[in-house]
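S.K.: Residues per chain are reported as follows:
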Amino acid sequence: MSRYIFRRLLQLIPLLIGITLITFFVMHLAPGDPTALFTDPNIKPEELARIRVNWGLDKPVGIQYLIWLKNAARLDFGYSYISGKPVIEEIGERLPNTLLLMSVSFIIILLISIPVGVISAVKKGSWFDNLFTIISFIFMSIPTFWLALVFMLLFSLKLGWVPSFGDLSLPVAVLVISGLAGITRYQRASMLEVLNQEYIKVARAKGLPEIIVIFKHALRNALIPIITLMGLSIPDLFGGAFIIETIFAWPGMGRLGVSAVFSRNYPVIMGVTVMTAVLIVLANLIADLGYALVDPRIRYAKKE
Amino acid sequence: MRKKNKFAVFGLVVITAFCVLSIAAPIIAPYDPGEIMESEIQGPSLRHPFGTDDLGRDILSRVLYGGRISLSVAVIAVAVALTIGVLLGAVAGYYGGLLDEMIMRFTDIMLSFPTIFLILAIQSVLTPNIVNVMVVIGATSWMGIARLVRGEFLTVKERDFVEAARAIGCGNFRIIFKHILPNSMGPVIVSGTLGMAGAILTESALSFLGLGVQPPVPSWGNMLMDSQAYLIDAPWMAVIPGVFIVLAVLSLYFIGEGLRERLNPKE
Amino acid sequence: MIRILFKTFFITIIAAGLVFAIDYNQNGRLNLSLGGEISVINPILSTDTTSSAIEGVIFSGLVKVDKNLDFVPDMARSWKVSKNGLVWTFYLKRGIKWHDGAQLTAEDVKFTFDTIMNPKVNSVRRGDYFIDGKPIVFKVIDKYTLRAILPKPFSPFIASAGMSIIPKHILQGKELDMTFFSRHPIGAGPFKFVEYKTGDHVLVTRNDDYYGGRPMLKEIMFRIIPDENTSLIALKSGEIDESGIPAKDFHPIKGVGLYKYDALLYTYLGFNLKSPKFADTRVRQALSYAVNRKQLIGLIFRGFASPAYSPSAPVSWAYSDDVHKYLYDPDKAKQLLSEAGVRDLSFTLLINHGNKEREKAATILQQQFKKIGVKMDIRVLEWSALLKVINARKDPKDYDAVLIGWSTGVDPDSYSIWHSSQYPGGLNFIGYKNPKIDKLLDAGRREQTKSSRKKIYAEMYKEITADAPYIFLWYPQVLTGVNNRVGGLSEPGPAGLMIDMEKIYIKREVK
Chain W
1 MSRYIFRRLL
11 QLIPLLIGIT
21 LITFFVMHLA
31 PGDPTALFTD
41 PNIKPEELAR
51 IRVNWGLDKP
61 VGIQYLIWLK
71 NAARLDFGYS
81 YISGKPVIEE
91 IGERLPNTLL
101 LMSVSFIIIL
111 LISIPVGVIS
121 AVKKGSWFDN
131 LFTIISFIFM
141 SIPTFWLALV
151 FMLLFSLKLG
161 WVPSFGDLSL
171 PVAVLVISGL
181 AGITRYQRAS
191 MLEVLNQEYI
201 KVARAKGLPE
211 IIVIFKHALR
221 NALIPIITLM
231 GLSIPDLFGG
241 AFIIETIFAW
251 PGMGRLGVSA
261 VFSRNYPVIM
271 GVTVMTAVLI
281 VLANLIADLG
291 YALVDPRIRY
301 AKKE
Chain R
305 MRKKNKFAVF
315 GLVVITAFCV
325 LSIAAPIIAP
335 YDPGEIMESE
345 IQGPSLRHPF
355 GTDDLGRDIL
365 SRVLYGGRIS
375 LSVAVIAVAV
385 ALTIGVLLGA
395 VAGYYGGLLD
405 EMIMRFTDIM
415 LSFPTIFLIL
425 AIQSVLTPNI
435 VNVMVVIGAT
445 SWMGIARLVR
455 GEFLTVKERD
465 FVEAARAIGC
475 GNFRIIFKHI
485 LPNSMGPVIV
495 SGTLGMAGAI
505 LTESALSFLG
515 LGVQPPVPSW
525 GNMLMDSQAY
535 LIDAPWMAVI
545 PGVFIVLAVL
555 SLYFIGEGLR
565 ERLNPKE
Chain C
572 MIRILFKTFF
582 ITIIAAGLVF
592 AIDYNQNGRL
602 NLSLGGEISV
612 INPILSTDTT
622 SSAIEGVIFS
632 GLVKVDKNLD
642 FVPDMARSWK
652 VSKNGLVWTF
662 YLKRGIKWHD
672 GAQLTAEDVK
682 FTFDTIMNPK
692 VNSVRRGDYF
702 IDGKPIVFKV
712 IDKYTLRAIL
722 PKPFSPFIAS
732 AGMSIIPKHI
742 LQGKELDMTF
752 FSRHPIGAGP
762 FKFVEYKTGD
772 HVLVTRNDDY
782 YGGRPMLKEI
792 MFRIIPDENT
802 SLIALKSGEI
812 DESGIPAKDF
822 HPIKGVGLYK
832 YDALLYTYLG
842 FNLKSPKFAD
852 TRVRQALSYA
862 VNRKQLIGLI
872 FRGFASPAYS
882 PSAPVSWAYS
892 DDVHKYLYDP
902 DKAKQLLSEA
912 GVRDLSFTLL
922 INHGNKEREK
932 AATILQQQFK
942 KIGVKMDIRV
952 LEWSALLKVI
962 NARKDPKDYD
972 AVLIGWSTGV
982 DPDSYSIWHS
992 SQYPGGLNFI
1002 GYKNPKIDKL
1012 LDAGRREQTK
1022 SSRKKIYAEM
1032 YKEITADAPY
1042 IFLWYPQVLT
1052 GVNNRVGGLS
1062 EPGPAGLMID
1072 MEKIYIKREV
1082 K
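Protein chains in written order, with the working numbering: chain W, 1 to 304; chain R, 305 to 571; chain C, 572 to 1082.
Read the hints as simulated data drawn from the structure, not as lab findings. Note that the coordinates shown come from a computational prediction; the quantities given were computed from them, not determined experimentally. Any given hint could turn out to be false.
[To be verified] Quick partial rundown of chain W residues pointing at chain R, CB under 7 Å, derived from the structure:
1) 15
2) 18
3) 19
4) 26
5) 137
6) 146
7) 153
8) 235
9) 238
10) 239
11) 242
12) 276
13) 280
Glycine included, each C-beta is placed from N, C-alpha and C at the ideal position.
Same shape as in the complex, but just chain W:
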């Protein structure tokens, strides 16, 4: 098992190099550069040119990337062009906020989607199923940022129930609603597939009560693809978090990344990219391991 984990972690490295290479070169195709931070048009161009040299931006892009890579290997991600603070510190201050936002949303999504999906599958075709199907589709069609605006309008501005910044409730509500639909439907489809299997029919034929059939046999197997789906939807959850954090002024890593992109704060952009990629790969790894735990067949197969 540990060999497997180690192998997967090793695969991280070429993945990270690929991602960072693409990001670095894409950012440097920019017609502008970090002197975007200096928004005062009264600043003389010679000053900007001098600062550019101080930051090493006059070297060819390839060399700049190799320099960055060398430092990154020693976990030195440089200093933010805006605040001068080490990138690691900037990310370290904000990452917990993003993780908080995402985990809370995640948990709530699971708490809602699993029961709803299961019940929808078990009671396929009923009013419950149809109602939630329509609701799911509608939720999937709403642009996240629009939902965010409408919520902000309703719950903060008009009703005043919730402060519009610094508070978790609205960002979580938006993330949950946008993420709920897909997972619920997937859970339903997976449960349906399992319910059609032979061994379920056998269990029923044996005379086992329906509840036992569902919980002991069907559910466990229906959950398997969900774990994979969760792993796969992590990148989207991050992406959603980026926009939500910006709209609700939530001090997370997503907002840091977005503003770094707009101001060409290269060290921070690279840091956020690496961190996000690592988290995504780790999430996938955990999903795979969880998968193996839930399904003993996989575990044995790996041992061979």
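For this one, chain W is given, so just place chains R and C on it according to the hints.
M.R.: Chains R and C alone, transformed into the frame defined by chain W:
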């Protein structure tokens, strides 16, 4: 008649209506979408059924022209994604081996990127306009299609009719395009339809951030961007384009689901 | 009898003192909002208004501006300029202490300027201390006297002399990016730094030893609220005491005083004078006549801005109203175009991404020019990309026209904008060349008295507007709301409402 089909029909009707409205926009729009007609924001009235925006322009006209943009971006973006995805997936699935490894690795890398972040990065580097929005969305959403096509090719390529085609001397290209591909079109079409729904959402998110279609050309997304400051004072500016987006995306989802069921009768 | 009078007088004085002493809240906290993230709390490195708002209460300079934008003593009790204008001597107040207790001397002042002028330090202000490429030399004469020796007479130097001073005993020999310092800045201003929670707030507390007198506020809380709607809500609910107000929301608010004043900025459309499209003055004048400023200001600002016709803002002492104004006249515009033999003129306007007002202005201008038969396309560029285009050291540059603004600065000298030598490398990116203006600009810098400079600049503005190198568009107004519990505000003016933070106080609650 199964309930699902009703939804798909609803979707088809709405999308067709939208397409017709968009194409006919220059004829049916009451005013020029860019014309500054009033000196302040106005709510819905006889003169302006959907009200005006903060620059005094008629929202009904803008939303019609905006539809042209948003829908055409969706179509072309998906076309781009399909082209890349089908090509890569077919090559990987058919030839296998090192080529397959490399292509799948690349696909994995792209999948590990939070797409929004990548699109943001690219768009902030280029000068955003309609063309690069289409290309960028297409270039970041082909991965699912590639995997799908590859999967199809892997299962199909050892089948009898392929062997037969090879036996009579068909070149690889012919086999790929004339024999295997047409059989795998089902899932690809479903993907494409759902992809269009996603593309509309992505374009509107990009335009909302200012990285998509640039004003003053109206798109549903950038109309939402303009509406932000006026949420309380002029909610119609935000509600109308939002409703159009939701309807369009919902319809495409219904159609996609309907197609999925007709092409993969499993249930 | 006298005794009784004396006693009464005495008691009255004491009573008055007591009344005043308990008239304001000794432990008052002022809550302000910041519109964006702080870059770094270091006056020589930061360039954004958010950071400078905080630096303004933590640090002090030799001089500062008063509500009329005149320069008055701050840490320097006086200064004098030699007859030939080359030697400026500043006399520091004695007994000024840094927040850590150390004495502030002329050594700190020299250290500050030398650091800015160090090419390895990323300070954009460096260019302000070089005149025609030659550096200003700073000398410490004694503990409380500093001398600046200029290579040429240069009256605008007074503005750069107001730079906030940083402590030598802490920063000498340290890392040039000074990150440790911006996490715990030490200044000599009325308030001391307490804490900075990233993305959330900055807290500062009263400096009891402030040389300008003990501040009346106990502490100031700066909250980061990037969205202006959110900020307005926080103002209405009392969470913060001061906020900018969008034009559309500028009507009476309970418990809040509304203030508006002109800002030291103007927005304009600049023509690339080296482009054949705009070579003919009549074309530029025609386009100037085609602009309906009333419609622009009405739609964008709901009327809270003033139309601009000259390269100087009315709040500046050098402002002159005697200039060529191109008042809205579309017929005259069309006439001028046909006189110049121009038909089907089309050009591209560059604007920077993210500025809502300029985007709206570009859209409106597009429609206004359409009415006289001119087609204008709008091209949006990322700010740094736009700067790259207009600052490129080539001739001619790759643009037709640009919509942008200038902050006019406290000193009216605009050498870098209008002097022919400042093209293509300086701020004169439109390529304006007028020998008469060059002479006037040089004279304006040389002259030391306000009255003589004012005459020079008035003549200059008249001449420039005749050439119509820019279409001057508007001077924005700052719209602010301040909670009525805050006292000590300055008269509304371009220097803001809280010029002397040590004089601001929170009123006692009336029970």
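S.K.: Take the hints in turn and mark each one as holding or not.
M.R.: Status of the hints after comparison with the structure:
1. 15: With a closest approach of 6 Å, the residue 15(W) hint holds.
2. 18: holds (4 Å)
3. 19: holds (6 Å)
4. 26: Holds. Min distance 5 Å.
5. 137: With a minimum Cβ separation of about 5 Å from chain R (threshold 7 Å), the hint on residue 137(W) holds.
6. 146: holds (5 Å)
7. 153: It holds, given that the least Cβ distance between residue 153(W) and chain R is near 4 Å, below 7 Å.
8. 235: Because about 5 Å separates residue 235(W) from the closest Cβ in chain R, which is inside the 7 Å limit, the hint holds.
9. 238: Result: holds, 4 Å to nearest chain R Cβ.
10. 239: holds (4 Å)
11. 242: holds (6 Å)
12. 276: Holds - the Cβ of residue 276(W) comes within 7 Å of chain R, reaching about 6 Å at its closest.
13. 280: Status holds, d = 5 Å.
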